[in-house]
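S.K.: If you want the building blocks of each chain, they are given just below.
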Amino acid sequence: MTSVHPRALDFPQPFLDGVIPDEAELTAGERVEAGKSYGFFTDTTLCIGCKACEVACKEWNNLPADKDRMTGDSYDNTGALSAHTWRHVAFIERIGRRGGDSTTMPPYQSNWLMMSDVCKHCHNAPCLEACPTGAIFRTEFDTVVVQTDICNGCGYCVPACPFGVVEVSDQDGKAHKCTLCYDRLKGGLEPACAKACPTDSIQFGELSGLVTRAQTRVFELHAQGQPAAYLYGAPETPGATGGLDWLNCFFLLTERPEVYNLPAAPSRAANRVRPALAAGLATAGLLTLAAAALMRGGRA
Amino acid sequence: MPQWDLANADCIVVMGSNMAENHPIAFRFVMQAKTRGATLIHGDPRFTRTSAMADIYAPVRAGSDIAFLGGLIRHVLENDLWFREFAMSFTNLSTIIHEGYRDPEDLDGHFSGWDEDEQTYLADTWQYEGQHVPSSLAEHHVLTTESFAEEVRDMSEGPPPNDPSLQHPRCVYQILRRHYARYTPDMVERVTGCPRDVFAKVADALCRNSGRERTTGFCYAVGWTHHSTGVQIIRAAAILQALLGNVGRPGGGILALRGHTSIQGSTDIPTLYDMLPGYLPQPHAFKPHATLKDYLATEQSPTGWWFSFPDYAVSLLKAWYGAAADEAGDFGYSWIPKMVGDHSQLPMTMAMADGVLRGLVVLGQNPVIGGSNSRLVQEGLGRLEWLVVRDFTETETASFWYAGDPVRNGGLQPADIATEVFLMPASITGEKAGSFTNTHRLVQWHEQVVDSPGDSRSETWFVYHLGRRLKELYAGSDRARDQPIQALTWDYPVEARRQEPDAEAVLKEINGYRVADGALLSSFKDTRADGSTACGCWIYSGVFPREGFNKARERRPDGPDGPGMHLGWAFAWPNNRRILGNRASADPDGRPWSERKRLMWWEPAEGRWVGADEIDFEETKAPDYRPDWSGNVKGMEAIGGHEPFIMIADGRAALFAPSGLEDGPLPTHYEPFESPIHNPLYKAQSNPAAKLWPRLDNTYHDEADPRFPHVLTTYRLTEHHSGGSPTRSVPVTAELQPEGFAEIPSELAQRLGIRSLDWVVLSTLRGEVQTRALVTDRLRPFRVDGRVVHQIGMPWHFGWEGYATGDIANVLTSIVADPNTSMHENKALTCALRKGRLKEVRR
Chain F
1 MTSVHPRALD FPQPFLDGVI PDEAELTAGE RVEAGKSYGF FTDTTLCIGC KACEVACKEW
61 NNLPADKDRM TGDSYDNTGA LSAHTWRHVA FIERIGRRGG DSTTMPPYQS NWLMMSDVCK
121 HCHNAPCLEA CPTGAIFRTE FDTVVVQTDI CNGCGYCVPA CPFGVVEVSD QDGKAHKCTL
181 CYDRLKGGLE PACAKACPTD SIQFGELSGL VTRAQTRVFE LHAQGQPAAY LYGAPETPGA
241 TGGLDWLNCF FLLTERPEVY NLPAAPSRAA NRVRPALAAG LATAGLLTLA AAALMRGGRA
Chain B
1001 MPQWDLANAD CIVVMGSNMA ENHPIAFRFV MQAKTRGATL IHGDPRFTRT SAMADIYAPV
1061 RAGSDIAFLG GLIRHVLEND LWFREFAMSF TNLSTIIHEG YRDPEDLDGH FSGWDEDEQT
1121 YLADTWQYEG QHVPSSLAEH HVLTTESFAE EVRDMSEGPP PNDPSLQHPR CVYQILRRHY
1181 ARYTPDMVER VTGCPRDVFA KVADALCRNS GRERTTGFCY AVGWTHHSTG VQIIRAAAIL
1241 QALLGNVGRP GGGILALRGH TSIQGSTDIP TLYDMLPGYL PQPHAFKPHA TLKDYLATEQ
1301 SPTGWWFSFP DYAVSLLKAW YGAAADEAGD FGYSWIPKMV GDHSQLPMTM AMADGVLRGL
1361 VVLGQNPVIG GSNSRLVQEG LGRLEWLVVR DFTETETASF WYAGDPVRNG GLQPADIATE
1421 VFLMPASITG EKAGSFTNTH RLVQWHEQVV DSPGDSRSET WFVYHLGRRL KELYAGSDRA
1481 RDQPIQALTW DYPVEARRQE PDAEAVLKEI NGYRVADGAL LSSFKDTRAD GSTACGCWIY
1541 SGVFPREGFN KARERRPDGP DGPGMHLGWA FAWPNNRRIL GNRASADPDG RPWSERKRLM
1601 WWEPAEGRWV GADEIDFEET KAPDYRPDWS GNVKGMEAIG GHEPFIMIAD GRAALFAPSG
1661 LEDGPLPTHY EPFESPIHNP LYKAQSNPAA KLWPRLDNTY HDEADPRFPH VLTTYRLTEH
1721 HSGGSPTRSV PVTAELQPEG FAEIPSELAQ RLGIRSLDWV VLSTLRGEVQ TRALVTDRLR
1781 PFRVDGRVVH QIGMPWHFGW EGYATGDIAN VLTSIVADPN TSMHENKALT CALRKGRLKE
1841 VRR
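Taken in order, these protein sequences are the chains called F and B. Residue 204 in my numbering sits at position 204 of the first sequence, and the numbers go up by one each step. For my numbering, count along the second sequence from 1 and bump the result up by 1000.
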């Protein structure tokens, strides 16, 4: 990611007539092709908390700003992922009472954690499974997108999401969340947040390659004195639990998931359908039996 | 050094800068270096997003940087960790200084030459023994006796006196050792509050990553410049880097991080009162600058590259006055206004408040937010006859008359303000073509993408048509004082549709051309002092080397396997050189110091310097060249092939600076002008030469004034841009930091019963502001000189306009400045803090 792509040399002119074909190859190192799986690898150890991702996302997706008061929670003023905030940078201060001394720490933001959160585009997406209208669908890039023209605002997807990502907008009454820049992918462009990220904390790419890159990074960090680094949401890692299989948008973390407001063991709502149904049926059955017993007893 | 060269560093020291927050794009290259295993050090009063990424965070109390850096210099010297081969040849370490020189160690904080009546220094005793050294910057004639311009001719007569054994008690090495002897780790801890073990870690990392095989880079920004000792803080880093051999080499150097997109450009082609384009001095009424001949004689350096000064000065006059500039008329020299004192923004503010200044044009600035002592600024604006503000939104500077602080607190009624305010809509970047000159002197062209809405026009449009109308108004005048306007060349082609001048035509004039046929100059080496060439800014020459080739538009990066200097990407002045002083990347004999840090070297077979960059030296001067001192040696003839720094009169990095500084030849720790403690090192409390403007509306706090016990530092956030107009007026950036606030250390907050989001009042003798509290453990109390000092931080972006609002931090600051640059001291002052709100808020 650090060097200039050879194809960049084909475009030396400062003013281009149109979009560079397959621009993602220049900015993210690979072409976007239908039929492959895409996602984000968000490496929190490279995040400087600049929020360029939040701004790029809102600008590209034309999302409204809806906060006019500071939260008092470090430098986080957008608070959480929501219908109008599809990238959210969390700030976790760990000096003093919560952590160590500001002058002693392992490398990479161990005293002030910053993490750009986003929709996970789960392999088995609970929001999609819960959607009764078909508004939420899986795209040709293996991402999960809400079609707002079909969404009827029922809100079933909201509690279905184990990460609290989807929200129904108070402006149009429909569900909204990150589309992994579906429109940009169709045009061969890297998603806006990843392209804007100055330190490559957000990396976009084809999933298997991303996972390999992320695993290498974990080993590097271990070697550089940050033994706590691990992946969250990649196959066979924490976060990829409860029937989700894996998350197309996964993270490199250095603290427990809960510290970043991520669930330690997320799971599909659908996993709970069979046991819940069984429990319900069993309850009904028992009640029937009890009622029958009571009636029999009454008669007696 | 280019920002991208930071990726080649083995260690990066960020100090005086919150780089990750304020230069996030450049910080990309810091992260690349770090990924490759480099050590990142952040020295700062606050634990910021930059500190969060650092391997070592060193807490350094605001305004104590020289004590910290001086401690590092002492560490390097006393432990013999300096790069001997580099420093012996490339610096003035062995040079012998005037016998009259006395150190602050001898005079309790003053250097020799202090004039108590004038409150200034005379630099005569700071000279080399038997030689007078001209300054390496513009304004060679400084702080010396009348005959100084004559006396510097002795630089041509022989090499500076030196002692290679370094035993002479007055050689720079010995002076440095004595000067910094008391800057021990204990003293560093006592003055800066940085724990000894942390200081030791920094010193170790710095020295371990310097030398033949490794390099360390320094990055600074306004956290170093916004002090009454700003220039000397940067000098201290320069001394360290020169001693350690981290100058002119890949991954080495000192990167002055620039804030706005063309702030570098605004010093190159200056908006500064004391310089002409290309760092030529503005003529001064009280210096021997009466005629062009005097000016050239005074300012031309006898040795080094500035010997070419007349070529640049005359070519500039030809560019400005064209055919009217002839030799008989001194090329129009007399038309250039002569300055009579400090005309910088700070005294201009007073002049406004005193009714001396009657009109003001504000372009691309928001002085009500950014100017020190904002209330005084606002009162000054209220005494103007007229004020022009050009911006793309109504700024506080435009609306001060009905929404400002003096109006809000009832001191002034809009009806009482007679200032006529003209708010004119300005185009933003994508709506106009032009150039940006960024941090590493890189001139990049940008195109117009869309038309600006409505009547918005570019600054070029405004200035061009203003000048055109002035010329029309004065065309018939026969008064001598109107000649400068009549003679001014103002013939830029204008496009038909919106009458926008062609910005490339301006760039061509800056680049320079031959007067006879208009042929563009390919380099500043083509300029002449005989009036045959015109050049608007000599250092930019080569940016438009031939018709149809605007080098600033070029976008050819080096490929993945290229040398990485990206010479095909835009234009870096001078002459497309990317790393200044890069002769120093080779040893005195011209061989690379090491394979790992190879950049430029002497190729004997070709008889020239070669390598990945353009050489910042005479291309064919052999390393073994030595001046023949038997004759009178002039200009570059006096610079040996082993002396890499051609802008300096003796070609060597000035560890000890004999000329050019108003406040001493060596960086010395003084307390900020307002400080909660007494200077632990000297009797002199603060910089003796600092510029002060004491008056009733600009009062100062005494040292250790118990009414103002806390240190206050003002700063910027990633989320907002400087005066805030570009970000507070845009909803998606405004919501990221939607309100003004002050950061308060938990211990202090607890004592005063303050919690996050509570209202607090900060006060100084200049004024009071109310703002939200953000209580944090990232700000830690400092134990300084035996007592606990709390530091409060307040971002200065906020004002009453836009979506993100808050009180103006600069209401608290005072007007006090660095003597060399007139730069204000807003990074370290004292204040009081209480819980609650201001009593009366009237509209």
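By construction, these hints were calculated from the structure, which means they are not laboratory data. Beta carbons are placed, not taken as given, at the ideal position from N, Cα and C, and that holds for glycine. Check before you lean on any hint, since a few could be wrong.
[Unchecked claim] Per label pair, the in silico range of CB-to-CB distance: (1) B:Arg1755 to F:Arg31: 50 to 58 Å; (2) F:Ala276 to B:Gln1750: 42 to 50 Å; (3) F:Asn62 to B:Leu1696: 49 to 57 Å; (4) F:Gly155 to B:Asp1502: 44 to 52 Å; (5) F:Ala278 to B:Gly1037: 53 to 61 Å; (6) B:Gln1750 to F:Pro64: 34 to 42 Å.
S.K.: So, against the hints stated earlier in the document, which numbers end up violated here?
M.R.: 4
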